[in-house]
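Number of protein chains: 2
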Amino acid sequence: MDGLTKIDDLGQPRVVIVGGGFGGLALAQSLANVPVQVVLIDKHNYHAFQPLLYQVATAGLAADNIVAPFRKALGKQKNFYFRLAEVQSIDATAQVVETTIGLLRYDYLVLATGATSNFFGDAVMEQNAVTLKSVSDALELRNTLLANFEQALQLGDREQLNSLLDFVIVGGGPTGVEMAGALSELRAHVFPQDYRELDLKQMDIHLVQSGPVLLKGMSAKASAQSLADLKAMGVEVWLDAKVKSYDGYTATLSTGQKLITRTLIWAAGVTGAPVAGLDPASMGPGKRYFVDEHNRVAGYENVFALGDIALMKTTAHPDGHPQVAQPALQQGRLLGRNIARLLGGELMQPFHYDDKGSMATIGRNRAVADVKFFGHEFHLSGLLAWLAWSLVHVLALVNYRSRIAVAFTWAWNYWSRDKGLRYIIGRIKPLLGGSVDTPAGKAIV
Amino acid sequence: MDGLTKIDDLGQPRVVIVGGGFGGLALAQSLANVPVQVVLIDKHNYHAFQPLLYQVATAGLAADNIVAPFRKALGKQKNFYFRLAEVQSIDATAQVVETTIGLLRYDYLVLATGATSNFFGDAVMEQNAVTLKSVSDALELRNTLLANFEQALQLGDREQLNSLLDFVIVGGGPTGVEMAGALSELRAHVFPQDYRELDLKQMDIHLVQSGPVLLKGMSAKASAQSLADLKAMGVEVWLDAKVKSYDGYTATLSTGQKLITRTLIWAAGVTGAPVAGLDPASMGPGKRYFVDEHNRVAGYENVFALGDIALMKTTAHPDGHPQVAQPALQQGRLLGRNIARLLGGELMQPFHYDDKGSMATIGRNRAVADVKFFGHEFHLSGLLAWLAWSLVHVLALVNYRSRIAVAFTWAWNYWSRDKGLRYIIGRIKPLLGGSVDTPAGKAIV
Chain A
1 MDGLTKIDDL GQPRVVIVGG GFGGLALAQS LANVPVQVVL IDKHNYHAFQ
51 PLLYQVATAG LAADNIVAPF RKALGKQKNF YFRLAEVQSI DATAQVVETT
101 IGLLRYDYLV LATGATSNFF GDAVMEQNAV TLKSVSDALE LRNTLLANFE
151 QALQLGDREQ LNSLLDFVIV GGGPTGVEMA GALSELRAHV FPQDYRELDL
201 KQMDIHLVQS GPVLLKGMSA KASAQSLADL KAMGVEVWLD AKVKSYDGYT
251 ATLSTGQKLI TRTLIWAAGV TGAPVAGLDP ASMGPGKRYF VDEHNRVAGY
301 ENVFALGDIA LMKTTAHPDG HPQVAQPALQ QGRLLGRNIA RLLGGELMQP
351 FHYDDKGSMA TIGRNRAVAD VKFFGHEFHL SGLLAWLAWS LVHVLALVNY
401 RSRIAVAFTW AWNYWSRDKG LRYIIGRIKP LLGGSVDTPA GKAIV
Chain B
1 MDGLTKIDDL GQPRVVIVGG GFGGLALAQS LANVPVQVVL IDKHNYHAFQ
51 PLLYQVATAG LAADNIVAPF RKALGKQKNF YFRLAEVQSI DATAQVVETT
101 IGLLRYDYLV LATGATSNFF GDAVMEQNAV TLKSVSDALE LRNTLLANFE
151 QALQLGDREQ LNSLLDFVIV GGGPTGVEMA GALSELRAHV FPQDYRELDL
201 KQMDIHLVQS GPVLLKGMSA KASAQSLADL KAMGVEVWLD AKVKSYDGYT
251 ATLSTGQKLI TRTLIWAAGV TGAPVAGLDP ASMGPGKRYF VDEHNRVAGY
301 ENVFALGDIA LMKTTAHPDG HPQVAQPALQ QGRLLGRNIA RLLGGELMQP
351 FHYDDKGSMA TIGRNRAVAD VKFFGHEFHL SGLLAWLAWS LVHVLALVNY
401 RSRIAVAFTW AWNYWSRDKG LRYIIGRIKP LLGGSVDTPA GKAIV
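Those protein sequences? They're chains A and B, same order as listed. Quick note on UniProt numbering: the first sequence kicks off at 1 and runs consecutively. Quick note on UniProt numbering: the second sequence kicks off at 1 and runs consecutively.
One or more of the hints may lead you astray.
When chains are identical, the list treats them as one kind, so a pair holds in a single copy or across two.
[As the list claims (entries may be wrong)] The list that follows gives simulated cross-link-like pairs (lysine-lysine, DSS-like), each with its CA atoms no further than 30 Å apart:
| # | residue 1 | residue 2 |
| --- | --- | --- |
| 1 | Lys43 | Lys133 |
| 2 | Lys43 | Lys78 |
| 3 | Lys221 | Lys231 |
| 4 | Lys356 | Lys216 |
| 5 | Lys78 | Lys221 |
| 6 | Lys201 | Lys78 |
It is worth saying that the hints were derived from the structure and are not from the lab. Bear in mind that the values here come from a model prediction, so they are computed numbers and not experimental data.
The shape of chain A in the complex, shown without the other chains (with noise of 0.2 Å):
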């Protein structure tokens, strides 16, 4: 599409943010006060906060409570504009981005568009694994699974049973282990009682890990608490093993191991999702943007990257920081102040980041958190943990609304054991691998 995109001009310096993450909505909230105009570009007109996507996808929360509008969450903000759009490229030299609803003028560019599912090239694994980027996979994976089991009623042959009632999760790091813990919770406290027709025996829960151990980059201490949690809760984890291949119906693993399953959940690494037009060499490593202590990308004066998608080396971080939240948020909060010193002449502040550790649920009472506070480490397990990590979470919820809800539903969920929100509504993934045979000849009228 041609033409400009129609937006006021304020005679300000225009702000640009391409995505709206925890990088990009800090950074947006952090210029309020600054005289610039600031224009969101999002593909999604909501925030969604991607930490807790698992428990929509297990019926856990609605998608209504971890998402935050824009317009909503910035909307007493003057100086926020928000185009619903994707960008398309960037013309550095112009100081235009070319979007899907025209070309928009920048005076500062700013991305944080994040990463994506990384599948290391292997188109088939891909096209067939499930993702748990967005709140639409996550929808989409709360009623594949739902739907699953009502298509599991009808059959009687064992191999195809167990294709609709057997999950594979390929990664064990916050992500795989959070989703293993949380099928886990289903099967022994939701299911029963909703599919009595089944038996849940049949139900396995296959978490495959690349390394010798889960939650790389936590504590010795967690990584050994979160594997004996979950096996205690009948997860089956794999070590030192990889997905070689999966088609839809048979994952092989590096160890030969064959597991059948309709459903594989990709949760094994992420890259970056760089928006076309910049100079090759400003990419490093896993599709990330270099930067600089102040995340401006090398070689260029006003275009910055935050979060995800920005490779900033430093003598603590060597390869980057983690490709989680926190360093996001905090660079986005940097650097709406250190635009706000550039416009009034001031050096910019270096980024430095503040680690507070990390932390991972696994189920009821279980958890593990490596808690970092004035210079000391501290590792939690069980319920304390578990306690600190869900008060952690809500309080990072984006708004009141949404930590009110989220927090009653929790204890609602903790005091009834149950999971409420197990309906399909929209698109169901159809069945890999396959149609599922109708078990007419072993049918019971």
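Start from chain A and add chain B according to the hints.
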């Protein structure tokens, strides 16, 4: 699909219920302690509370809060079986229904398939109008509504702009009146902040009613008050007018008036949704099955019909009962007891409709209610009617969780004058009546 549905044979009489709306759900619950096997078949795995769909469509309520998965609502009921399927035909001689998952034998068959939008044979209208009969409809309308406004930001041409910002609602019953009121509230309280760049005086809401009054069937006082309220809220009400044609862009009224809109909401009457296979003589006007005072379909011993799909002619209701929740609920409850009586060799009890009155909400503190109480009828309006409407609808929800969630959301929305769920997830209905031109010439980059 041939073959038989795989389901336990309990050696008890099997009651197959087709459709889990108000009537089907009430019947299933009513059979909890009756020595029968209850099999509920529905194309969704949840009960949807239809009277609040318009609030889902206007971002006031989450879909999650007005649906109840059948397996959760009835999971503790030992004789309850659910199958996610559609019934394709009935073979009353063999006592079998053909479904998308195979054949299913029944001893008693209860049709509770409800009603669907009636376009009176106008295929062009049907293709271009949006309806509000399902949760998917409501979410799609919400997406369309919000996407319209996002797209409108790029438009300069006045007619194109109005085609996106204007809404035409056809039908002045409760759904039409409530929808018009909810859109008016978005215009007054939510969109002015979200869409500062648009002139919201351009947003027109038209309500087209074929007869001389709104809320036909309610008291004259309620009709007059709802008209006055809607006018006060800036809704343009067209009485004694019909939409003769709609091509996705231009709606032509019977008065000759033309209204430009890409969003025409059809709330103008329903028709039964029967199942193939029964004797055509059993089918009455409006595609409703003739039933006797025990909801037994004319000409059949063990086939019943409930609610919207049933036409029970009585002295008080010579044209059948109104197609709303209460008759369906009451018939469902009674039929459960009557089936128990049949099995016990007792006589069935005839149905007597207990009309508790009717109500409709228009906006903040604005509602009308005709309440029947010990033979007296009271007419309420304003704040009192609005509180009564809210209380009745919260209590009518299927489970405690929904009641708490809806009450909390309404209290929050009331206090904040906000409707916070304005995100676009999933399918956006493509723009009707051709694409929107980009305003290249008029754009300011």
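To test your reading of the hints: which numbers does this structure violate? 5
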